[in-house]
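Enquirer: Residue numbers (the working numbering), protein chains in the order written: chain A, 40 to 378; chain B, 2 to 326; chain C, 546 to 968.
Take the hints with a grain of salt, since some may be wrong.
[What the hints assert, rightly or not] Taking lysine-lysine and the BS3-like style, the derived pairs with C-alpha atoms no more than 25 Å apart in a straight line are:
(1) C:K570 - B:K253
(2) A:K164 - B:K253
(3) B:K253 - C:K869
(4) A:K162 - B:K279
(5) C:K686 - B:K279
(6) C:K685 - B:K279
(7) C:K812 - C:K554
(8) B:K52 - A:K286
(9) C:K610 - C:K750
(10) C:K869 - B:K279
(11) A:K286 - A:K88
(12) B:K279 - B:K253
[To be verified] Derived coverage of chain B by chain A (criterion: at least 3 residues anywhere in the stretch with Cβ under 8 Å from a Cβ of chain A; other residues may be distant):
(13) 103 to 114
(14) 138 to 147
(15) 281 to 290
[Unchecked claim] A few chain B positions that, by computed beta-carbon distances, are all more than 10 Å from chain C:
(16) D20
(17) G75
(18) A249
Just so you know, the hints here were simulated from the structure itself, not pulled from any lab data. The beta-carbon is built from N, C-alpha and C at its ideal position, and this holds for glycine as well.
This is what each chain is made of:
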Amino acid sequence: MANLQVFDQGQKMSAKKKLPYDKALLVSMHKQMCLFRRFEERVGLAYTKQKFSGFCHLHIGQEGLAVGVQGALRESDYMISGYRSHTQAIGKGISPSAVMAELFGKVDGCCRGKGGSMHMFSKEKRFLGGHGIVGGQCPIAAGVGFKIRYSNENDVCVCYLGDAASNQGQFFEAMNMAATWDLPVLFIIENNKYGMGTDIRRTTSVDHLWKRAQAFDMTHSDIDGMNVLAVYEHVSGIVEQMRRDKKPHLLEALTYRYRGHSVSDPGTYRSKEEVEDYQKNRDPIIQLERYLLEQKMASEEELKAWDKEAKEKCKEAEEFADASPNPPVEELWEHVLVD
Amino acid sequence: MPSLTMREALGQAMAEEMDRDNKVFLMGEEVGLYNGAYKVSKGLLDRFGPKRVWDAPISEGGFAGLGIGAAMVGLRPVVEFMTWNFGIQAFDQIFNHAAKMLYMSGGQFNIPIVFRGPNGAAHMLGAQHSHAYEPMLTNVPGVKVVSVATPYDAKGLLKSAIRDNNPVLFLESEMMYGFKGEVPEGEYVIPLGVGDIKREGSHVTLIAWNKILHKSLEAAEVLAKEGIEVEVLDPRTLLPLDEDLIFASVRKTHRLVIVEETWSFGSVGAQIADRVQKECFDELDAPISRVTNEFVPMPYNENQEHHVVPQVDRIVQAIREVLYI
Amino acid sequence: MAEIIEMPKLSDTMEEGGIASWLKKEGEFIEEGEAFVEIETDKATMEYNSPAEGYLLKILVPAGKTSPLNQPIAVLGEKGEKVDIAALTQKSGKPTSVPEAPSKAKAESAPEPKAKAPEPRAAASSPSPTERMRASPLAKKMAADKQLSLDQIEGSGPQGRVVQRDIENALREGEGQKPAPVEAKAPAAAPQKGDQDLPLSMMRKTIAKRLQSAKSEAPHFYLTRSVNMTRFNDWRTRLNLEAEERKLPKVSVNDLLVLAAARALVKHPEVNSSWQGDSIRRFAAVHVAIAVAIPDGLITPVISNANQLGARDIAAQSRELIEKAKKGQLKPEEYQGGTFSISNLGMMGIEHFTAIINPPQAAILAVGATIPTPWVGAEGVVLVQPRMTMTLSCDHRVVDGAVGASFLQTLAAYLEDPLLILS
């Protein structure tokens, strides 16, 4: 336990392939990460202003992973996730306005106000939901992989889960089936070190969560989830392989959430220094900004402008959500069954 | 009309639907090479191949969830539980996911899936294999629940269940797989949500489903010798319930007995009794009577088991009570 | 806003009411609390004070007709208001549903005027309860359809519950009793020339029903004895001499009988009791009912707490009650709640008779005339005494022979020597 190192120290932001990245790609990644961060900040603020209620789990700090994975996928790929998935849903193509309106429980939300913070869905964008039962999404992801194989398609299904979900039986059952039947599912454990307020090391027998895959003879890997380029590059490779052989993969992404488990969590179970260390030294946005400046792909002014642009978009999303009406009461009877 | 066993009728239904629609596949423990724990899927692997018939690991939650995921993206799975007693391992998937997906996605993702398997007590299987689950299954919006008592109903209803665009929970019975009945040749379906009068009568309505229906018919036969005409009503679909048929029958007979092979607290029978007292209050000539399992886990001992489950004499007694004789 | 006025329940046993007369005409204004209609109950004709104010828009039940309880009899409303009677009457019977709140979005954009939920009619709308009558819902419905009275039918279900077959049997019996026209020789009921079939008044119906059930349900037995009224008459004479001087109302024989009987009842609470089906109720108070003949029937106004009253109080009260009774103006509380009854036909020369118990009481005293009678006294000497014969009818379920006799003994002693009342 003592020698467990969830993060390898001092990893530097660099491109392993040593290839110059397309500037447009990097800029879009930066913009997307800014959007995600500003969006979640705004959501947190709206929550404290009591614009909505319920649970609210923010993804701040984990943007590098979301953006890196998204960059490696194509539109027709599927994604399914847990309850911390506002920005993953945006990444998959649902508009920030529709996500914000959903958070506010409004009729223009992506689920017409019936889903809420933990349940974002888009059939059109192939985002198969945020799910509130920890680990429950894993067998469903296997089913999506099953369909891809059944119909002989070459899409993949990304299944996000948290570190603590990896102790759930359904995760093991899903991994077993995916490995046995070669179902193209990329299980990504977002290891942010804490399952709610419990250090993952206190509840888990293995020092690295990717080891779970070994029980199923499944290929596996880990990655610095705070490094958007590393994620992008690594996941691109996995997905490419997966499209060819349809075999599943378990990726452990080491990441960190700056905020509490939910808005109401003060985070007393971890030190202030630990949080600050991530915010100052490993922040995915700061890392990419440094790289862009080093590579002379962007100026300070441009970076600021892009950030401002992100803030603007989030403000618009909130205004949109504010203006959207509540769904009519009668609609509560709809969507129980279809004809 | 040819006579088929229940297992043959169910197998035919699946085969015909798999023929009709290649999005339909079967998954479950022992459904393939072994030809099914109760031989319901006999011959399907040979006929449709391993792409359509999948032997699942002993992971009910896992393969139920896999079915749900496949249904979200366009397939029409039939998931077999060797018994619904194992199916409760999958309750999280069935109720937290399948039943709620359409609703929480604001109408985007319906789940066309059938979960089927035997339900209730067989014979001397003890506490963990003898549970009838319809009270729990019918307590959640977003699913349909079917319970079959004859080969004819089984085939027609399973075909409708497979074509339905919602999760359908389909209850069979170990003891009835060998039960024979007439099944017409050729295509037919029975719509979900429509009950059936299995025996007409004018003195009392007796509601029962699944295998206890047959004990109820026996009880009706016993009383017929005394000139008492018992109307035996099989709802066939427990959710949604064919309330119109029930109300019409009670309005005719003015007396109602409900027989269930499960516990009485918060059950389908309790629900029917509630609806009838509300809608047919002025028609009732006696309090509604219910015959159910004793409120204990199922004992293993044969004699004790016999006393837990409703028997013909208990049903006859309940009918006499509502007739004041 | 038009409002339905329903037939009120103005007596405990009333099941329908007749409109004796309308005191207001259609179009006239009625204050809340103002008498606007006279209603003939089974007991009396009473003014009914309006539960609301408004113009009398429509009279639904004309004078001379009857209506079941809680059925509309009139409509009140604004002057000249048009009323949809059908809609109103339908609404009055049914429970009203709470209007659904509009969706929030709708509420924000266009607030709808708040629909005023009509207030549910409280007790008035509940059907008159048959006392502890057990019957299946179906039996109740059938009885209502066929206009059968459930309390005339013996239930064969558990705890006497009347069920479908009991109603069917009752209907069959009813039909069987109807003589078939062909085989009828000379049906007793067939009217002969000059016969008159009089319609039944509310009161006549009630008398018939109540006395029939009292006579058939309560096993009656009778105790008769006579008493020497010499001292009783002296007592009354002295009281009335004083009354003349002081211009007080006269005291009748009956008033003093009430007084004596009330005091005797205090000593014999077993007689001041009632059969309750599964228990016997022993009344704490003594309320003596006196039978009063009135046109088309009789009524029994009640002297409440008679055991606590003096002769003059009783005299004053009974005089007032009898006057009201004869005018049909008794209020329900003035003829309900008696615990014992006295029926006196002495003034009409009747020497002796028996009375039917007035349910739910357990006994009634029938009083004959006081007549000079030869009597063998204690010394074997024949004397002529003013003697009165009285007969106590007892409900044997409550009062046994010796208990009734003992009560009569006390009463006789009081009448023969009124000073003993103070003992």
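Enquirer: Non-interface claim for G75 of chain B: all C-beta distances to chain C beyond 10 Å?
Expert: At roughly 34 Å from the nearest Cβ of chain C, G75 of chain B sits farther out than 10 Å, so the non-interface label holds.
Enquirer: Between the alpha carbons of K279 of chain B and K253 of chain B, is the straight-line distance 25 Å or under?
Expert: Roughly 16 Å separates the two Cα atoms, so the pair holds.
Enquirer: What's the verdict on K164 of chain A and K253 of chain B, does the C-alpha distance respect the 25 Å limit or exceed it?
Expert: violated, 54 Å
Enquirer: Do at least three Cβ atoms from the segment 138 to 147 of chain B come closer than 8 Å to Cβ atoms of chain A?
Expert: holds (count 3)
Enquirer: Decide if the proposed pair is consistent with the structure: K570 of chain C and K253 of chain B, CA atoms, cutoff 25 Å inclusive.
Expert: violated, 48 Å
Enquirer: Would the pair K253 of chain B and K869 of chain C pass a check requiring their Cα atoms to be no farther apart than 25 Å?
Expert: Violated, at roughly 53 Å.
Enquirer: Is the hinted pair K286 of chain A and K88 of chain A satisfied, with a Cα-Cα distance of at most 25 Å?
Expert: Violated - the C-alpha atoms of K88 of chain A and K286 of chain A are around 46 Å apart, more than 25 Å.
Enquirer: Residue count check for the segment 103 to 114 of chain B against chain A: does it reach three with CB-CB under 8 Å?
Expert: Contact hint for the segment 103 to 114 of chain B vs chain A: holds, 9 residues under 8 Å.
Enquirer: Can you confirm whether the C-alpha distance between K162 of chain A and K279 of chain B stays at or below 25 Å?
Expert: violated, 42 Å
Enquirer: Need the status of pair K812 of chain C, K554 of chain C: alpha-carbon distance at most 25 Å?
Expert: It is violated: about 37 Å lies between the C-alpha atoms, which goes past 25 Å.
Enquirer: Given the hinted pair K869 of chain C and K279 of chain B, is their Cα-Cα distance within 25 Å?
Expert: violated, 48 Å
Enquirer: Holds or violated: are the alpha carbons of K610 of chain C and K750 of chain C at most 25 Å from each other?
Expert: Between K610 of chain C and K750 of chain C the Cα gap is close to 15 Å, so the pair holds against 25 Å.
Consistency with the previously given hints fails for numbers 1, 2, 3, 4, 7, 10, 11 and 15, ordered from lowest to highest.
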